[in-house]
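Engineer: Spelled out, the chains give:
There are 2 protein chains.
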Amino acid sequence: MKQIAESACFGGRQYRFEHHSITLACLMRFSIYLPPLPTETGQGPGMTRLPVLYWLSGLSCTDENFIQKAGAQRLAAELGMILVAPDTSPRGEGVADDPGQAYDLGLGAGFYINASETPWAANYRMFDYVAEELPALVCRHFPVDPERQSVSGHSMGGHGALVLALRKPACFRSVSAFAPICAPASCPWGRKAFTAYLGTDESAWQQYDATRLMSGISEFTLPLLIDQGDADPFLQEQLQPELLLAAARQNGVSIDYRLRPGYDHSYFYIASFIAEHLQFHFAALTA
Amino acid sequence: MKQIAESACFGGRQYRFEHHSITLACLMRFSIYLPPLPTETGQGPGMTRLPVLYWLSGLSCTDENFIQKAGAQRLAAELGMILVAPDTSPRGEGVADDPGQAYDLGLGAGFYINASETPWAANYRMFDYVAEELPALVCRHFPVDPERQSVSGHSMGGHGALVLALRKPACFRSVSAFAPICAPASCPWGRKAFTAYLGTDESAWQQYDATRLMSGISEFTLPLLIDQGDADPFLQEQLQPELLLAAARQNGVSIDYRLRPGYDHSYFYIASFIAEHLQFHFAALTA
Numbered sequence: 495m496k497q498i499a500e501s502a503c504f505g506g507r508q509y510r511f512e513h514h515s516i517t518l519a520c521l522m523r524f525s526i527y528l529p530p531l532p533t534e535t536g537q538g539p540g541m542t543r544l545p546v547l548y549w550l551s552g553l554s555c556t557d558e559n560f561i562q563k564a565g566a567q568r569l570a571a572e573l574g575m576i577l578v579a580p581d582t583s584p585r586g587e588g589v590a591d592d593p594g595q596a597y598d599l600g601l602g603a604g605f606y607i608n609a610s611e612t613p614w615a616a617n618y619r620m621f622d623y624v625a626e627e628l629p630a631l632v633c634r635h636f637p638v639d640p641e642r643q644s645v646s647g648h649s650m651g652g653h654g655a656l657v658l659a660l661r662k663p664a665c666f667r668s669v670s671a672f673a674p675i676c677a678p679a680s681c682p683w684g685r686k687a688f689t690a691y692l693g694t695d696e697s698a699w700q701q702y703d704a705t706r707l708m709s710g711i712s713e714f715t716l717p718l719l720i721d722q723g724d725a726d727p728f729l730q731e732q733l734q735p736e737l738l739l740a741a742a743r744q745n746g747v748s749i750d751y752r753l754r755p756g757y758d759h760s761y762f763y764i765a766s767f768i769a770e771h772l773q774f775h776f777a778a779l780t781a
Numbered sequence: 495m496k497q498i499a500e501s502a503c504f505g506g507r508q509y510r511f512e513h514h515s516i517t518l519a520c521l522m523r524f525s526i527y528l529p530p531l532p533t534e535t536g537q538g539p540g541m542t543r544l545p546v547l548y549w550l551s552g553l554s555c556t557d558e559n560f561i562q563k564a565g566a567q568r569l570a571a572e573l574g575m576i577l578v579a580p581d582t583s584p585r586g587e588g589v590a591d592d593p594g595q596a597y598d599l600g601l602g603a604g605f606y607i608n609a610s611e612t613p614w615a616a617n618y619r620m621f622d623y624v625a626e627e628l629p630a631l632v633c634r635h636f637p638v639d640p641e642r643q644s645v646s647g648h649s650m651g652g653h654g655a656l657v658l659a660l661r662k663p664a665c666f667r668s669v670s671a672f673a674p675i676c677a678p679a680s681c682p683w684g685r686k687a688f689t690a691y692l693g694t695d696e697s698a699w700q701q702y703d704a705t706r707l708m709s710g711i712s713e714f715t716l717p718l719l720i721d722q723g724d725a726d727p728f729l730q731e732q733l734q735p736e737l738l739l740a741a742a743r744q745n746g747v748s749i750d751y752r753l754r755p756g757y758d759h760s761y762f763y764i765a766s767f768i769a770e771h772l773q774f775h776f777a778a779l780t781a
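Those protein sequences? They're chains A and B, same order as listed. Okay, so the first sequence: first residue is 495 according to my numbering, each after it adds one. Okay, so the second sequence: first residue is 495 according to my numbering, each after it adds one.
Read the hints as simulated data drawn from the structure, not as lab findings. You can take every hint at face value.
If you want a taste of the chain B side facing chain A, the calculated C-beta under 10 Å gives, among others:
{"no.": "1", "residue": "Ala499"}
{"no.": "2", "residue": "Ala502"}
{"no.": "3", "residue": "Phe504"}
{"no.": "4", "residue": "Gln508"}
{"no.": "5", "residue": "Ile561"}
{"no.": "6", "residue": "Gln562"}
{"no.": "7", "residue": "Lys563"}
{"no.": "8", "residue": "Ala564"}
{"no.": "9", "residue": "Gly565"}
{"no.": "10", "residue": "Gln567"}
{"no.": "11", "residue": "Ala571"}
{"no.": "12", "residue": "Gly756"}
{"no.": "13", "residue": "Tyr757"}
{"no.": "14", "residue": "Asp758"}
{"no.": "15", "residue": "His759"}
{"no.": "16", "residue": "Ser766"}
Using N, Cα and C, we set each Cβ at its ideal position, and we do this for glycine too.
Extracted from the complex, chain A is given alone in its bound form (with noise of 0.2 Å):
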């Protein structure tokens, strides 16, 4: 692992790091935010291990976006806690991109998903990556309680924390989403991406749906905050929130639903709300 850039930032420090992806067989970069770190913190006996919140960012974004646009160091600072920002897709050269550069499919479109499909199968398993690769060797290399982890994202991103909450719910203590994908396997983004990288049998979809998954579990106790600008130009044909709504009330789920009055898609919406999102994971984080 190479550290490709370091800044302090509200009294810690911001990182940027390569490493190579077994999951991913490619060269990957991700962010992580250190917030002023106790004097015992560290990688010895005794040391204090702090609680974690990974982001997962949307379509066309990088491991940059987050922890340059959110904000949201000032209040991890404050909190004492750790943020990792993932890549969102596979990279560099010989991994598959959409002949036609799309941003929806492709590079920086990963979807959080394990492609099945020629020729993405060979790289595109970000699901595995998040789930599993990213938190262990998080874990190996910074003061991270394992215990204490939470997940957040926006947009594509929102769609991953929700499905990787869904099927991992002991490895969370909570889950929030601005502006989710809520239901791709019924949208025009999701049903793109999931053509090309799970194939056309829909069943091999809903592993990867936050709805269908809400629809099957039996229950769901993490804290679970869905955040929602009514002015977002995706919301009625992308993003469906009113499908996972339904699903969860349906099964006894309940979610902390909090619809924004005027606000869009962008990262000045993430940043006017991301302080109630890091009190909500800090909350269930310290439980």
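Fit chain B to the given chain A structure using the hints.
Structural biologist: Using the frame of chain A, we list chain B on its own:
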């Protein structure tokens, strides 16, 4: 003037506008943040006009860097301050650029001066643009109080803010700068740009060099804050705050100089301390 973007942000609105600049003879963009407005705010008689902070960005930036990365809107919303961020140079077809497209000359590197040399003189008149045309435009279209203006900036924009305040102290209530180029006539960035824009006669440079201006003034009573990270890679060769501090000391001018251990030149540094600057300006703007 044409609106090209609008997002809700911390209860206010973040905008981008495009207008034809007479001074620069090209289309220009600027960003403006309006905090949540009191209901009686507006353009008519009896309206409430708000204090405004102008932000001048550094080399290679546009009007977007500050508004996307500094996180200033959060506190501006709370304090009721308007934020205005212009672009860093003229742009567009027919506007001269460095033949080698260097980041420190031509597009993105206007240095907030009025060029006298060919081919720059036709468009590169950023001093007049930020000192006169832009504030007049902003005042016509937004509820800013022209009696309550302050100015800040970063690096090349910190130089711009200092020069503007030193030459037009009656126009501002306070001035601050993050990692400013304090003595452009004495550093490589400044000497390269001034030679190109102003010619080799260095006597023409003085009016745009904060340290020389500071040495030449009889009094300067604006609150003045200089912020500097001590891990900034440009500190010794390009920024040289010690020259400005010495000139101020000799002239009996007081500078609130805040040196930040471990901080670099990035927006992670700016984001960490922008709240201190907004509070500094707010105190002067409401005194």
